[in-house]
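K.L.:
With chain A fixed as given, assemble chain B onto it according to the hints.
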Amino acid sequence: MGLVAQAVASGIVTGAIYALIALSLVILYKSTGAVNFAGGDVVMTACYIALLVLVGFGLPYWLAALAAIAGLFVIGAGFDRLVIARIVRQRHAHNSLVALVIATIGLSDLLKGSVRLFGYTDNVQTLPPQFTGPPLFLGNVILLRQDVGIVGVTCVVMLLLYAFFRFTRLGKGLRATADNPRAAVLIGIPVQRMRMLVWAIACGLGAIAGLLVAPKILMTPDMGVIVILAFAAAVIGGFTNIPGVIVGGFMLGIIENLVGIFISTAAIAVAPFIVIMAVLLLRPQGLFGGNPTFRKV
Amino acid sequence: MSERWVLAALGVLALGALAVPLPIYALYVANLLLMYAVLAIGLDVLLGLAGQFAFAHIAFYGIGVYTAGILGNRLGLPFPLPLLAGAILAAAVAFLIAIPALRLHSIYLALSTYAFAAAAQWVFHSWDSVTGGADGLRLAPTRFFAWHIIDDRDAYPVLLGIAIVTIALRLGLQRSKLGRGMAAMRESEPVALASGIDVRRVKILAFTISGFYGGVAGGMLPLFQSYVHPDSLGLEALVVILTMVVVGGLGSVGGVLIGVVVMGLLPELLRDAAVYRELIYGAILILAVTLMPRGIAGLILRAGK
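Residue numbers (my numbering), protein chains in the order written: chain A, 1 to 297; chain B, 1 to 305.
Just chain A, with the same shape it has in the complex (with noise of 0.2 Å):
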């Protein structure tokens, strides 16, 4: 019993990363109908922007962390501008996102490829983590502090997101955009602008999501793998339904471990591909009842 609890337990500490890398998934594919494959890379790239920073250049971590997200966030809002933009703007409907996934892909390359031009890829690093002290006991379940500011900094990272999307205008206008861009486009939001945010937003959150996991595992400029479970995680939620995403992302750290515990430590690596196949083809549109996608002739 001790065991799977302390299973369930690091499940949701691994799940909280998923869910974050997911969510950024998510909110790029609403508003804006592509799929990051290499949302990975994103995660993999802040992790060596704040080595850099931190062991190249020696500055105190905090600003490791600003360089990283910011970083990112210059990355996500440059590629929406220099090939997203020129792609929407084609319009060969049935191309187009296979023409999206290609550019992300190419993306994943190009991310991988700079990485491993700077030396800090020879040998295995590895950050130091941002929460240090005694493990802390919850009946025989033992959590490093690391862990708990995992699941604290995503949740609060998701309230931060779900607020600005709630209450704020810009928030209100990207959601206005990702509902029906026509519409959002008459009423005076300017679309393009809109969508070259929402991806500085999504490779901010995927940053953000590399500099908590990072103190976790080895970094290697391959790390960004990690996006298959992160699509697992989407999927779960249907690719729309954020907390259903959410939800899926906790769900699928948990499965993990425990398929690991169950099952075998081999089969955990093809547990998300297993999840994928399930969920598309028994529930396509999310565990969670989010609404099935109609498609315009």
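Calculated directly from the structure, the hints in this document are not laboratory data. All of these numbers come straight from a predicted model, not from anything done at the bench. Where is the CB? At the ideal position from N, CA and C, for every residue including glycine. Errors might be hidden in some of the hints.
Claimed, not checked - Partial chain B-side listing against chain A, Cβ under 8 Å, derived:
no., residue
1, Leu47
2, Lys177
3, Leu285
P.N.:
Positioned in the frame of chain A, the structure of chain B alone reads:
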């Protein structure tokens, strides 16, 4: 300049290589390109012709490689039986995943088929007793009754023959009723349905044919290579084929073949610049989708007007 000229030029080049005593390395590269041609043409049936954004192609290829390899190794079946068995198994699997995939479209289709491909790679990696698991699989030289195909020089004419047949079939498909049905479905499913096309049937056939092509390409590998590793059957390999199709030109046979040649030669040219490989690939992908939405084929067609 039309697509026909591109095909004719490539055909002359490929046949001409039979007459010239090329160095063995050049033949190896040529064999690789022929295999990629079949693989990319097959992906394009689904992606370019039928407009189905599916990612499972690399799994069909893997099924072809392992089926052909294992049948050749263990039973010593003569060519072309291992290749055909691999292709039929790949087509059968494609048929089976097409049925549930009928309910899915756009990203949902892309993600579910991607998950299938990743799960298939996991099977290749983990099913030690059959696939050799993470050690990879040694592929015995292919035998055609008494004739053993040992090096790239022996394999080239065989591979060229397979490529010519599959490309010809692909061109025939485009002109057939089925091919036109696929193109109509790509442009608009509801309109295709309204004009009396059995969209379900066309979609299942598109998957099956595409899977068959993937399996054939997989069966071509043991003819000129002696080893396969599951790491070569993942997302990276899929991106390579996807790049060929997109850079060449979705839906255009000539374009896809140009894409195969350009993107297939690139790693050979970049041998000394492996560090920049990802940067160059990324840049090519992004430039292709932003500057030439219809690939090299689109550029050529525009120049011909």
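K.L.:
It remains to establish, for every hint, whether it holds in the given structure.
P.N.:
For each hint, the structure was consulted:
1. Leu47: 7 Å, holds
2. Lys177: 21 Å, violated
3. Leu285: Cβ of leucine 285(B) sits 3 Å from chain A, so the hint holds.
Checked against the numbered hints above, the structure violates only hint 2.
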